[in-house]
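Chains as they are written, first to last, in the numbering used here: chain Z, 4 to 349; chain W, 81 to 383; chain D, 1158 to 1478.
Be a bit skeptical, because a hint or two may be false.
Computed from the model, here is a short list of chain W residues facing chain D with C-beta under 8 Å [unchecked claim]: (1) K98; (2) Y100; (3) H162.
Some chain D residues flagged as far from chain Z (calculated, every beta-carbon gap over 12 Å) [claimed, not checked]: (4) E1218; (5) P1259; (6) A1451; (7) V1462.
27 Å max Cα-Cα, derived BS3-like pairs, lysine-lysine [to be verified]: (8) Z:K145 to Z:K133; (9) Z:K183 to Z:K210; (10) W:K288 to D:K1233; (11) D:K1233 to D:K1278; (12) Z:K145 to Z:K90; (13) Z:K207 to D:K1278; (14) W:K280 to D:K1236; (15) D:K1421 to Z:K45; (16) W:K102 to D:K1436.
Honestly, the hints are just simulated from the structure, not real lab data.
Note that beta-carbon positions come from the ideal geometry of N, C-alpha and C, so glycine has one too.
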Amino acid sequence: MEEITNTNNALLEIEDLHIHFVSKVETVKAINGLNLVVHKGKTLGLVGETGAGKTTTALAILNMIAKPQGRIVAGRITLDGEDIFSKTEDQMEGIRGNTVSMIFQDPMTSLNPVMTVGDQIAEVLQIHKKLSKTAAAKEAQKMLETVGIPGARSVEYPHQFSGGMKQRVLIALGLACTPKLLIADEPTTALDVTIQAQVLELMKDLKDQMNMSMLMITHDLGIVAEVCDEVAVMYAGAIVESGTLEDIFDRKRHPYTEGLFNSLPDVNNRTQSLKPIGGQMPNPADLPQGCSFHPRCEYAMPKCSQEEPPTHRFSETHCAKCWLYENTDQCMLASQDYVPSQGVSE
Amino acid sequence: MSTPSVDKKTMSRREYMKTYRKTSRLKEMWDVFVANRLAVLGLIIITIFVLLALFANVIADYDTVAIASNPVDRFQGPSWKHLLGTDEMGRDIFARIIHGARISLRIGVLSVLVGLVFSCIIGATAGYLGGVADDIIMRIIDIMACIPRIVMAIAIVAAFGSSEFNMIMALGIATIASMSRVVRSAVLSVRDTEYVEAAKAVGQNTPKIVFSHILVNCVAPIIVQSTLAIATNVMSVSSLSFLGMGIAAPAPEWGCMIATARGNMRQYPFLVIAPGMAIFLTSMAFNLVGDGLRDALDPKLKR
Amino acid sequence: MSDNVILEVNNLKKYFKTRSGMLHAVDDVSFTIERGKTLGIVGESGCGKTTTGRSILRLVEPTSGTVIFDGTDITKLSKRELRKKRQEMQLIFQDPFSSLNPKRTVCQTIEEVLKLTGEYKNSDERFHRVLEIMEMVGLDERLINAYPHEMDGGRRQRLGIGRALAMKPKFIVCDEPVSALDVSIQAQILNMLRSLQNELGLTYIFITHDLSVVNYISDDIAVMYLGRLIEKASTEELFRNPLHPYTKALLSALPVPSLHNRQKRILIKGEISSPIDPKPVCRFAARCDHCTEACLKGEPPLVEVSPNHFVSCFMVQPEQG
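Isolated chain Z (complex conformation) (with noise of 0.2 Å):
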């Protein structure tokens, strides 16, 4: 994030940000120091577990969090050069849906049953870009051509859809005014495999064509080599690894970034059994001191139930927040890196 050239290209920066939720009977504190860097025209996939905070940080950057109880205690998000913290709810309805929109992980509950598909795109395409009401009709039966479903249908409602189609209209919506950032959280968890492979295929082909960036909420690490180009690992409200594809899957560095990869049944290699991650998600009420993950961590120290871990970098994309890299840079895993010369076969 210090790096010159990489503030240059940077889309969305968020740095350093504290959010909690404040109720009478406990404080969650959601995200916890979270550093996040997206670049121009890239896909960052933002990887983690139920209840690690990767909702809530797409709900920050469009500057959505639930306001009496969810508190931004501390930190600040960079969008395309503005402060989102600083711009009033009016000026935001102006960034939401135009500079940066999002796409929800349920398409069935995501569209209005009383509208049809048509009408909900160009209702868009009228607020942002100041369309008339025909000019909005015909670029909204445009976009849904664009994800593959026929302009006829754009006077159809929301039930009329299947799953995959309904994702489809979603897209479609984000997509109207050529957003500078797509937000997906978890676009495909509803969708089957074959439908997802559709949705995932057509969302890769949209951000070239638009030249946009992604930021990519999802737990499943498929999805991620499917199709980013950047990762960041989350963990009760923290980045705790990040770089590139390659850094992350054949350099990883993290123990925990390690055991949700051995977590995964390996569909080349059957027999070898699984190493889950012991324990649960801490609860994020009551964070444990020092690391948050040392308590399910294997490699534990004295020091990782005392002391918050230092961000380490091991190259100008690849960093981890880890106490085992605290003197060296050779990995402290017990799984190894990437060999290409190993891996050639068929």
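Start from chain Z and add chains W and D according to the hints.
Quick look at chains W and D alone, frame taken from chain Z:
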């Protein structure tokens, strides 16, 4: 999976239950309920009315104070002797209000209980059986729902005479339509859950499934609906009496009190305001408590 | 051979009446499972895999067909006999939230099942069996009086498994038992299911849409599409040599969490068609790239093309000899 199981045998069931206590669900509910200020206010009002009703005879004798006329003390304003003044026959209004509370609460609660028994049987049968039985039962309920509650109650009282028992039955039957729908939808939402299926899969018998898996999980909406129904029925008691279809004149029924005070309402508004406030406060209190219970009993609100 | 077969499903059909016609949820499915093995049933939503699992346990009444479990035809049993037989066949559910009675503690949930077995008359003995089961599924004994809402998804799923095991079943239908869980928890549960199978000699039907999970846990895999079984083979065989065009597409659509040895995707067009009154043609024909005239004339039968590899496709011919 290989932790020593030797010490397991040493501890008895009771010791285990002592060591790892259940979290008290009642306490959890109470915590949520107490957080709702208005619901607590409602509960306080109800408690006051219930206490006044329970000790009505201690506070003021029914025959001598609430019923017997005392022409000398007619139309007195509020004073220490008569907290809410006296009416056109010189009877202490406060005494009449608290004795009236007895009638209203008794009929209100009992009529809902009557309705509840019928509704549970009807609603649970329709919901659990489904299919044709459900269709037939619910169409009959639909027809019942088309007749306004108060009209139905009047019809029943008119047909069978206006005794307290008849009023309880009339108002109870009048609540069946709405209440059995609540029971049915609650049963429907639980009937197809996977834990009911799981109970079937382990070979549990039907009555056990209905009671310990289905009805137990329907209690919340039923309690809430019942509380709200008490509020409605307390008002209906007074409405019927006001119309002369309910409790007859000398008895200190709130609606009845308003009806007899109508003639002197202009000069002595207190005669109407006092019983009016009593009706308003009780029914509002039950509504507030009902809303509070809805939050407290809803398991979805738990994290 | 037949001695080793614990479950034999023959021509199982389940149709549902709907307003627009007959919904063919499960249409003429036959397979066998050997004792102590796991059969994975994979397919996309609406392919009938869940209904198949439920029909085998008669939690939904099959329209026709026979299910022979351990020598007894389940479909012919009376209600009372079935209740007894069900003790040997259990079900693990997908959603650990809705499959547990929210008003019952861990102890009450397991104990209810133990009472039904009638095996433990003494309350203390029964209680210690509850503790044993909790230990078996990795639930800490301090959770004995916990309510489902006080536990996370992984622990709840462990309780669901414990409830099924309390019956000492021989055979368990696992209906997507890990798809609602996070990967790290999913791996814990999968490992546990595997080791329980070895310890207790269980037979599983493992229903899932996740191919990497089914690959890990199953010995054989059956692929379903629109109510029909379209391919069945051993797991190695199916992943190495898928023959049905749909299986091929399904396997290639699986996102692989690795940057190497990537294969080209076979994208199939369109979406699953309606299961209501399907025409008697190949159900996959509309989406198939290799569709011929024969495919639109009749339904392809399930043929054994090589030992223990069954495919239902006109394009695939049995090996000679």
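Results of checking the hints against the structure:
1. K98: Hint violated; W:K98 Cβ to chain D Cβ min 10 Å, cut 8 Å.
2. Y100: holds (5 Å)
3. H162: Constraint on W:H162 not satisfied, violated at 51 Å.
4. E1218: At roughly 27 Å from the nearest Cβ of chain Z, D:E1218 sits farther out than 12 Å, so the non-interface label holds.
5. P1259: holds (20 Å)
6. A1451: holds (24 Å)
7. V1462: The assertion about D:V1462 holds, with a minimum of 23 Å to chain Z.
8. Z:K145 to Z:K133: It holds: about 17 Å lies between the C-alpha atoms, which stays within 27 Å.
9. Z:K183 to Z:K210: holds (10 Å)
10. W:K288 to D:K1233: holds (25 Å)
11. D:K1233 to D:K1278: violated (31 Å)
12. Z:K145 to Z:K90: violated (32 Å)
13. Z:K207 to D:K1278: violated (63 Å)
14. W:K280 to D:K1236: Satisfied, since the Cα-Cα distance of roughly 11 Å is no more than 27 Å.
15. D:K1421 to Z:K45: OK: D:K1421 and Z:K45 at ~22 Å, within 27 Å.
16. W:K102 to D:K1436: Distance of about 57 Å is beyond 27 Å: violated.
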